[in-house]
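J.: Go ahead and model the full structure; you've got the sequences and the hints to work with.
One-letter residues, chain by chain:
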Amino acid sequence: MAKRLLLAVILSLTAAACATPQTDDLRRGSHGLPARAAVAKPVFFAQRTKECGPAALAMALVHSGVRLRPEDLVAEVYNQGREGSLTPAVLAAVRRHGRIAYPLNNLTDLLRSVHRGRPAIVLQNLGLRLLPRWHYAVIVGYDFGKETVTLHSGRTEFLEMALETFEHTWARGGHWALLTLRPGEFPDPVDEGVYVRAVAGVERAGRAGTAAKAYGAAVQRWPDNLIAWMGLGNSLYRLNRRRAAAAAFRSATLRHPGNAAAFNNLAHVLGELGRFGEAEAAARKAIALGGPDVATYRATLRDILARRKRNSGGKP
Amino acid sequence: MKFLTSYRRPLAAVLVVAMTSLSLPVVPVHAAMVGTDRVIAQDEGLPRDRVAAFLKREDVRAQMRDLGISPAEAEARVAALSDAEIDKIAGHIDELPAGQGVGAIIGAAVLIFIILLITDLLGLTHVFGFTKKGSLNPS
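Respectively, the protein sequence lines represent chains A and B.
Taking the working numbering, I'd label the letters of the first sequence as residues 1 to 316.
Taking the working numbering, I'd label the letters of the second sequence as residues 1 to 139.
Treat the hints as calculated values from the structure; they're not laboratory data.
Among the hints, a few may not be true.
[What the hints assert, rightly or not] The calculated label-pair distances, taken between Cβ atoms and stated as ranges, are: (1) B:Leu46 - A:Gly313: 42 to 50 Å; (2) A:Glu157 - B:Leu46: 46 to 54 Å; (3) A:Asn240 - B:Phe113: 38 to 46 Å; (4) B:His92 - A:Glu157: 43 to 51 Å; (5) B:Ala53 - A:Arg67: 35 to 43 Å; (6) A:Asp224 - B:Ala80: 31 to 39 Å; (7) A:Asn240 - B:Ile112: 38 to 46 Å; (8) B:Ala76 - A:Glu83: 42 to 50 Å; (9) B:Asp49 - A:Pro257: 21 to 29 Å.
[Said to hold, decoys possible] Which chain B residues face chain A? A few, computed with CB under 7 Å, are given here: (10) Ala32; (11) Met33; (12) Val34; (13) Val39; (14) Ile40; (15) Asp43; (16) Gln63.
[Said to hold, decoys possible] From chain B, some residues computed to sit far from chain A (all C-beta separations above 10 Å): (17) Gly45; (18) Ala62; (19) Pro71; (20) Lys88.
Values in this document were obtained by computation on a predicted structure and should not be read as measured data.
Built from N, CA and C at the ideal position, the CB exists for glycine as well.
T.: So, in structure tokens, the structure goes:
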């Protein structure tokens with residue numbers, strides 16, 4: 001009885017360890033992907049000891065047009081104490097260098113990006129779940145016939161790895177992969193929500209110019225996306241382009257007439273532009289719509305009225 | 001000593017004002033633009049929906065079961081909380097690594113930490129010294 005139980009446990013553990021659902025899925029059908037693909041002339045930097053993070057990051061960033069060397073990234077992403085690079089640091093570095101960090105978490109999307117000529121940074125756990133050996137590499141090709149993927153990994157250029165092995169190590173790394181996109185560039189397929197949030201990351205990193213460009217491309221593609229319009233307005237405002245910012249917030253209010261934040265930001269910018277009548281109307285609209293930030297909207301209105309008073313030399 | 005006695009009243013008044021203002025909730029009252037992150041947070045729904053969505057995630061439920069917590073019990077307790085209490089929990093969920101809101105894959109260690117933080121507040125677990133146990137518990 002005990003023996004049978006043990007056998008069952010071992011069998012179930014092996015089954016769990018062998019499952020490669022995404023590889024199996026690709027064996028059944030290639031989702032419109034060609035039998036093989038490779039990124040043209042992918043950049044390669046051999047890693048120095050334990051610095052696979054800076055090397056992989058540099059390969060992806062240089063491929064997307066940023067000029068730097070892995071050494072330039074060590075201070076930004078390499079964590080001496082942990083002897084490695086943590087994923088949030090890698091994410092932040094991509095944004096700081098003005099590229100959109102777009103996450104991918106399924107194998108088909110990853111291979112499709114290779115087919116579209118975009119290398120992706122992948123996090124692998126080459127060890128075991130309990131005894132992890134973390135590693136960053138860049139995926140640059142695949143071949144369904146040979147059932148392999150090609151990686152720029154460590155000191156090896158064009159390392160071929162069985163698709164199954166890759167899925168195992170990538171799954172143990174939490175299915176973590178990243179594209180580094182130029183503003184205006186979209187992955188294929190692209191998720192609207194994921195994309196605009198990725199651009200918001202660039203805005204947060206203080207790259208307002210890059211963010212404005214990317215948001216601008218996003219509103220062309222998804223004219224109803226509120227986050228993209230608001231992000232566009234906020235980035236332009238940060239760049240001191242108030243007229244353009246007002247236009248973006250105006251578009252946000254026209255497409256989302258129930259959104260108080262859009263009216264508030266429009267009011268704020270119009271007030272600074274001295275267009276007090278329109279500004280007051282927008283602020284009152286924001287207050288009427290209400291919501292958790294209504295105190296901010298009231299302050300915006302007070303600010304506009306005070307400005308107008310100052311502007312007219314104290315006369316009401 | 002003389003000093004203390006003569007200044008006791010004004011000192012007490014100052015302290016009362018200081019302590020009261022410390023415990024007031026921080027409300028933004030200056031005229032300001034609403035930042036893009038704030039727009040995203042509002043787009044992701046009400047805090048109550050965010051907490052509910054978090055507890056519905058399969059990885060979260062699996063982790064809770066591993067920890068010996070009943071997901072149904074956690075949901076029932078969350079449903080009974082007030083809006084202010086929900087905000088507190090939603091705040092912890094929002095502390096997840098940037099750009100990885102509900103629906104994203106997050107590191108196992110981070111996930112367990114946040115689950116325990118929340119279940120501690122709900123009074124289902126007792127792990128951290130800094131949470132007031134069951135402080136959000138409907139009684």
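J.: Confirm or reject each hint.
T.: Tested hints:
no. : hint                            : result
1   : B:Leu46 - A:Gly313: 42 to 50 Å  : holds (46 Å)
2   : A:Glu157 - B:Leu46: 46 to 54 Å  : holds (51 Å)
3   : A:Asn240 - B:Phe113: 38 to 46 Å : holds (41 Å)
4   : B:His92 - A:Glu157: 43 to 51 Å  : holds (44 Å)
5   : B:Ala53 - A:Arg67: 35 to 43 Å   : holds (42 Å)
6   : A:Asp224 - B:Ala80: 31 to 39 Å  : holds (37 Å)
7   : A:Asn240 - B:Ile112: 38 to 46 Å : holds (45 Å)
8   : B:Ala76 - A:Glu83: 42 to 50 Å   : holds (44 Å)
9   : B:Asp49 - A:Pro257: 21 to 29 Å  : holds (23 Å)
10  : Ala32                           : holds (6 Å)
11  : Met33                           : holds (5 Å)
12  : Val34                           : holds (4 Å)
13  : Val39                           : holds (5 Å)
14  : Ile40                           : holds (6 Å)
15  : Asp43                           : holds (6 Å)
16  : Gln63                           : violated (14 Å)
17  : Gly45                           : holds (12 Å)
18  : Ala62                           : holds (13 Å)
19  : Pro71                           : holds (22 Å)
20  : Lys88                           : holds (15 Å)
Hint compliance for this structure: hint 16 is the single one not met.
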